[in-house]
Amino acid sequence: MKLRNQIIKIIVPILAILLSFLIGGILIAAIGGNPKEAFLYLLKGAFGSKANVGESFVKATPLIFTGLAATFAYRCGVFNLGAEGQFVMGAVVSVYIGTTVTGLPDALLITVSLICGAITGGLWGFIPGILKIWRGLNEMIVSIMLNYVAILFMGYLYSGPLREGSVPQTAAVTAKLMRLFGLSRMHIGIVIAVVLAGIIYYFMFYTDGGFKLRAVGLNSTAAAFNGFPVNRLMILSFVISGAIAGLGGSVELHGTQYRLMSGFGQGYGFDGVAIALIGQLNPIGTVLVAYLFAVLRTGATTMQVGTGMPTSVIDIIQALVIVFAVAGSAFVNLPKVRQFIVGASFPENPLKRKKNTPDAIEKGVGES
Amino acid sequence: GSSQTSATAASQAEGTTQAATQAETQAPDKTYKVAMILDSSIADGGWGAACYNAMVAAAAETGFETQYTDGLATADFASSIRSYCDLGFDLIFAPGNQYSDAVKEVAADYPDVDFALLNGVVETENITSLLPDAEQIGYMAGALAGLMSKTNSIGFIGGLELDTTKMKLAKYEEAAKAVNPDITVYSAYAGSFSDTAKGMEIAESMISLNDVDVMFGDASAVDSGAREVLANYEDKYDIGQPGDLLATQESTVIIGSVVTDNARMLKICMEEVMSGEFGNKTIYGNLENGSLSVGTFSDAVPEDIKAQYLEIVEQIKEGTFIQ
Amino acid sequence: MTTIWNATFISELLLSMIRMATPILIVAIAELYSEKAGLVNIGLDGIMAFGSLVGFLVSYITGNPYLGLFAGAFGGIAINMVYAVCTIQLGAEQIVYGMAINIFAPAIASFIYKIYFGISSSLISAQLMKPLPIPVLSHIPYVGDVLFNHTPIVYLAYLLVPLTYVFFNKTRAGLNYTAVGEYPKAAESLGINVIRTKYIASIICGFLAGLGGAYLTTCYISTYSDGVVSGRGFIALSAVIFGRWAPGGVLLAALLFGFTDALQLRLQVLNSGMPYQLLAMIPYLCTLFVLAFFGIKKAGPKANGKPYFKEER
Amino acid sequence: MEAFLKMENITKKFGEVSANKNINFSVAAGEVHTLLGENGAGKSTLMNILMGLYQPTAGQIYLRGEPVRIDSPSKAVKLGLGMVHQHFMLVEAMTVFENIILGVSKDHAVFIKKDRMKKEILALAARYSLDVEIDKPITEISVGAQQRVEILKALYRGAELLILDEPTAALTDLEVEGLFRIIRKLKKENKSVVFISHKMREVLEISDRITILRTGETVKTLKKEEADADGLANLMIGKELVLSDYKKVASSKEKVVSLNGVCYQKSSKHSGLNDVSLEVGKGEIVGIAGVDGNGQSQLAQLLTGVIGPESGEVFVKAERISKYAPEAFIMKNVAHIPEDRNKMGLIGNMTVTENLMLKRLKSDEISYGKGAFLRRRAMKQSAEKLKDKYDIRCASTEQETRNLSGGNQQKIILARELEENPDLLVAVHPTRGLDIGATQYVHDAMIASRDKGCGVVLISADFDEVLKLSDRIAVMFEGRIVGIYPGENPPIRDISLAMAGKVE
Ligand SMILES: Nc1ncnc2c1ncn2[C@@H]1O[C@H](COP(=O)(O)OP(=O)(O)OP(=O)(O)O)[C@@H](O)[C@H]1O
Ligand SMILES: Nc1ncnc2c1ncn2[C@@H]1O[C@H](COP(=O)(O)OP(=O)(O)OP(=O)(O)O)[C@@H](O)[C@H]1O
Ligand SMILES: [Mg+2]
Ligand SMILES: [Mg+2]
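Residue numbers (this note's numbering), protein chains in the order written: chain A, 9 to 376; chain B, 93 to 415; chain C, -14 to 298; chain D, 247 to 750.
These are computed hints drawn from the structure, not numbers from a lab. A virtual CB, placed ideally from N, CA and C, is assigned to each residue, including glycine. Keep in mind that a hint or two might mislead.
Dumping the calculated BS3-like pairs for lysine-lysine here, alpha-carbon to alpha-carbon at most 25 Å [stated by the list, open to error]:
| hint | chain 1 | residue 1 | chain 2 | residue 2 |
| --- | --- | --- | --- | --- |
| 1 | B | Lys196 | A | Lys58 |
| 2 | C | Lys155 | D | Lys360 |
| 3 | D | Lys589 | C | Lys170 |
| 4 | D | Lys470 | D | Lys434 |
| 5 | A | Lys17 | C | Lys291 |
| 6 | C | Lys291 | D | Lys589 |
| 7 | D | Lys698 | D | Lys578 |
| 8 | D | Lys259 | C | Lys170 |
| 9 | B | Lys196 | A | Lys184 |
| 10 | C | Lys155 | D | Lys365 |
| 11 | C | Lys155 | D | Lys364 |
| 12 | D | Lys259 | A | Lys344 |
From the derived model, a few chain D residues whose C-beta atoms are all more than 12 Å from chain A [to be verified]:
| hint | residue |
| --- | --- |
| 13 | Asn255 |
| 14 | Pro313 |
| 15 | Lys321 |
| 16 | Ser388 |
| 17 | Gly424 |
| 18 | Lys434 |
| 19 | Tyr492 |
To give an idea of the interface, some chain C residues facing chain A are shown, with a C-beta separation under 7 Å as derived from the structure [unchecked claim]:
| hint | residue |
| --- | --- |
| 20 | Cys71 |
| 21 | Leu75 |
| 22 | Met84 |
| 23 | Phe89 |
| 24 | Ala92 |
| 25 | Ser95 |
| 26 | Phe219 |
| 27 | Ser223 |
| 28 | Ile226 |
| 29 | Pro260 |
| 30 | Thr272 |
| 31 | Leu273 |
| 32 | Leu276 |
| 33 | Ala277 |
In isolation and in its complexed conformation, chain A is listed as follows (with noise of 0.2 Å):
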């Protein structure tokens, strides 16, 4: 039964995916495309050379650090929904160290500027986190607020302080980070990525800290009641939220971008939530679902070259497979459904939608 219980967990993604990708299909054969010809693109851009495999990849770090940024608030119970500030937040810092610090080994100017990243970003995340303990105050409404904030001042520093040339942008970089396996662009930061998912893996469910983490997440009342230091944790969740965003702004600048520019950064924030409620808040899931996100937009962009597609299809169905993928999923864990498919097994109902939703969230912390 725990079995039938993977499988499905599985195989409702997948079904989603399909029906995404049916839907598309039937779209694009509306506006007199060919969609075997259309996802013939999309698999050979996905898939199709070894730089397409490699750009997925790019494509997924910046995701992957926002999607675990994402996970490891909600976990504590606290939305921060800020990760797009924090990462540009990482980015700025580095950039700045990375074009103004010379005479350090390329290997050692890079962890110095990843490490000041993280550190920036965790303090951009402490500061919704203060509000919240403090102040009581909202930790969405800060954290969007403070996203205008950096987006807005990464924008002074690249047309104003810190510009270099013609266009409103920063210098390069020259330290970058190693390139991976001759697959194009494809450079350590997944491999950083990777290893920072299983590090939060473990940390969550193998330590006492996590574990305090998610009680205080799942009821930060009874937590407080059983001594948890809960203000003490959340903060602590902010933090490490952030820079873990941060760490990703920084990896991306290092290891794709090299400079700030207009657009640096944008929509990783709201992606990685999306993706972090979809892996199910678990890091492992994050990863995997990041990484199809990538497989789906680096398939995309030669889907939309190759037939002329309006790029809006890609995006069509990439919220298709987030409305599925999530429906499906609330949907096999409807108790009647649940029933259906599971059978006489369960003998007491295991309800486990709410998982999803620490209860912490709402409630102002210290009210108790």
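Please arrange chains B, C and D with the ligands on chain A, whose structure you already have, making use of the hints.
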């Protein structure tokens, strides 16, 4: 974003016949293909539209097949260009210096594909930069604005702080002051090329605060917002760019345009692609070589001012307007 | 500089504030209706995008911006039904569906625009709604223009505030509605139809958010382009929390955003030297400071964001 | 007697669980009919079906002789049914008044006619002597008052049959008396009442007939005259229940905790502490008696570090406490059975194992390196042991605790808190809502740990429980300790008077 293979059927047919005659000397059955990438929309009534139209117009003359992708995110510039290269496109048109990094990176991997970089400053084996003269554009707009303003206040809206935009603004101001020393220039940046509403608010505040009566913008869709506001007033005008706006649309607001003939420069690129001489150069666009020109005037411009203005344009061309 | 702070400047500033606050206000009230029934909808940006496209298209085709406005509102309902079915019926995660709508709806809007107008590089504009000055009142110096010379939809938006207040505080239906967001189980046990109320909430939310989107393309700017909404949905979402889930508060929050945004644009025009990004931060920083200063302990409807199932303990 | 309500062959399945199997049940007009049964026997389920909250899998309901289909609570209300739920259905963000009028659709008025409705409600309240402060927010009134609001809610909707699902679980004897007066009054008006309770004394006092349910099936329906406490208990659990009788012990010299003139928000009568001094010795149970909402919750929270005193001192094992935080008290080996097991005691979405291990994460038994690596296998094994030792009935230790019955949830808390041999146990309403068997289990466990030398503070609204277990009894009234009485042969009259604030 979106895209479309080739231009309309009519122009394509026309294009192919022409291409056939031109290309006979080289590979007779080879159809050349050009693709354009864009971060904004081709239907923004400004920069994107002008660049797209330029590509289609140039392709119609040279027989190239065209395709485009618009609405691209920064992170997707490179992969989109790469996909076009993989699909055997001969020329990639990147209309803005923000694409330099992506172009340089991909160009290194695809030596057989040629790249045209508008407003760029890169010259390599397979990258040619196209550089319309921002100084002259600024002068042309500023002179007209200065001549037309009755309130002695004129406005400028920028999208992003591009060097070219800053240059245009500086020269706009110089020129306006040269023709009318009492002029004050008010400027603002929208921080975007697409936030039409921002354009409206900026125009509205410039009018109400400073009684600005002539405006010029370098911000695509943001400019159309400003025009909407100007239309609500009498005797408030706008100067268009980079297309000849009055040639394609009716407007009570637009008094004239500073026209950049990107098509001409692109056509040069395409011909060089076909002849194999591409690369290692910058094609300048200015009044002398006909890539910049004065567009259609509206009835709001009195004949005497028009004459005065055309004279100034002649001076700009000769480099004698402001030394 | 001092001469700038005259009556015309102030009245222009306030006028601009009203214009910029209106779409935020409408959409924030949409969200208020959703959250009061326990549905956190962060897909406002998406719904607005779709509403603005539909509003634009219908207004373009029929030449009647009023029709466009209503069509946009109904477009909003249609999109929000995806959210409604999945979150209400299946109990799926509300935040994810908000996200999905934010990706999905603008993509559909952009797709439809491309399909309808084909490949065209010309900017297509539709008829804008004409202001409807209120006789007599609109002639009051300064105040008249600020308050009484707008399109009907602006009056409607501001009328929504007292109406919503009365609905939630003075009517039985409003009380029952509030109970659904606070404690659905209790509401159900008292004979209130929780599922129906949630659907109604989604319809109202879709309608108003669609309306807010359509306002952009039928009353504000005459063209449609991808990204017209540019984050206004998220600002509206913040306005609801900022406004402490009360219509009066939401109005204040929307006006604060409108005011600071209008102000920073004017500051930009006045000081061309100052980097505009720093000025553009003003609305967000201002919000943060105001929030941090007053503090908000109120957490909103208790059952907000939680799925509700019949027959579950 | 003509049946007002008849339920025939009602069956309800939740997934594979049959909560009700072919139940037959009837209530006459003017009758008080009690439903009795262990936790999970299906009492609430049956009543929820009647109220239209659940749809029966099979079966038929008749009201006033007519077959009816009750597909929604509003239908049930229209048919004259009203219910006070086991877990109160009160909206915390609203006032008493708003809670009462919620969902009422008597006339089709759009606006709330506040004055008129208030008058109606107050008249109704006066008629049944239901004393409520109508304009107060619901969170600011006591549990007893909340219950009265619930009853008023049902009556305001014109209920002919009132279902009271464990109404007395949170009430003091005094309040129970008040409730019974209301029930008798309803009876006199020929209204029917379905009464659910685990307390035999109450059942025998108020019922006309008693129906016993066991694992979803009807065991028997008895007239009051045919019933006695032991017989009912045995029918309920299906075997002979051996009632334990606990010996009282004398207070030890060695104190595990002493409070010295402790004050906390002392101006508040309902939720403050006013100059409280109290000592608990090693191996004794000090019971705190008193009407709920006289500072008991605050006392418990103070004794466990959830709140800190504004003045006065607390000593645990002769050491003065300087830091008031739950972790500090836990370090001093203080255990806590909190008043709300779901909100404060358990993390409902975590598994039985995880909940059992909450306080032992750093122990060497289940982790390496003081919590740096949790040994999942060891955790599970340890949980299995506790599960057997404390008789926790669950399908698996990997099950989430929120799906367990109240009794089993309480046993998890008990296992977690008592396993470590605490020096002080603060137990608040430890058997609220538990059936006889489970209650007895909890009592036995508390006595056993007392006998091992643990000092126990027992706070309970159930006077019988306090009398039965306490070696000494302290009475709280309006935040003060107004008297301390011996547990052996307690002066019941004096204690009752003290609970009402009357001390000679
Ligand atoms: N976010 C806010 N910041 C500052 N003032 C606020 C805010 N929200 C509300 N107020 C003030 O509180 C007053 C009450 O607002 P409103 O009428 O919307 O709520 P209400 O329904 O009376 O309050 P309640 O939520 O307690 O029922 C407003 O007049 C306004 O001045
Ligand atoms: N909504 C539900 N979903 C799944 N199972 C349920 C649900 N409600 C009740 N059950 C199961 O049905 C059985 C009967 O529960 P019910 O609440 O009716 O018991 P009860 O007799 O009222 O117990 P108590 O004395 O603890 O109140 C239990 O096994 C319970 O787990
Ligand atoms: Mg109010
Ligand atoms: Mg029950």
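Worksheet entry | 25 Å limit on alpha-carbon distance, applied to hinted pair D/Lys259 and A/Lys344 | holds, 11 Å
Worksheet entry | C/Thr272 as chain A interface residue, shortest Cβ-Cβ below 7 Å | This hint holds: C/Thr272 lies near chain A, its Cβ roughly 6 Å from the closest one there, short of 7 Å.
Discussion item. Does A/Lys184 sit within 25 Å of B/Lys196, going by the straight-line distance between their CA atoms?
Written reply: Roughly 16 Å between the alpha carbons, so the hint for B/Lys196 and A/Lys184 holds.
Discussion item. Check whether the Cα positions of B/Lys196 and A/Lys58 lie no farther apart than 25 Å.
Written reply: holds, 20 Å
Worksheet item: Can the hint on C/Leu75 be confirmed by a CB-to-CB distance to chain A that is less than 7 Å?
Response: holds, 4 Å
Item to complete: With a cut-off of 25 Å on the C-alpha distance, tell me whether D/Lys589 and C/Lys170 pass.
Response: holds, 17 Å
Fill in: Whether D/Ser388 stays farther than 12 Å from all C-beta atoms of chain A, as the label says
holds, 19 Å
Fill in: Hint consistency between C/Lys155 and D/Lys365 [alpha-carbon to alpha-carbon, up to 25 Å]
holds, 17 Å
Worksheet item: Holds or violated: is there a CB of chain A closer than 7 Å to the CB of C/Pro260?
Response: This hint holds: C/Pro260 lies near chain A, its Cβ roughly 5 Å from the closest one there, short of 7 Å.
Worksheet item: Is the hint on C/Phe219 kept, meaning its closest Cβ partner in chain A is under 7 Å away?
Response: Holds. Min distance 5 Å.
Worksheet item: Is the hint on C/Leu276 kept, meaning its closest Cβ partner in chain A is under 7 Å away?
Response: Since chain A brings a Cβ to about 5 Å from C/Leu276, closer than 7 Å, the hint holds.
Practice prompt. Take the C-alpha atoms of D/Lys698 and D/Lys578, compute the straight-line distance between them, and say whether it is at most 25 Å.
Written response: It holds: about 17 Å lies between the C-alpha atoms, which stays within 25 Å.
Checked against the numbered hints above, the structure breaks none of them.
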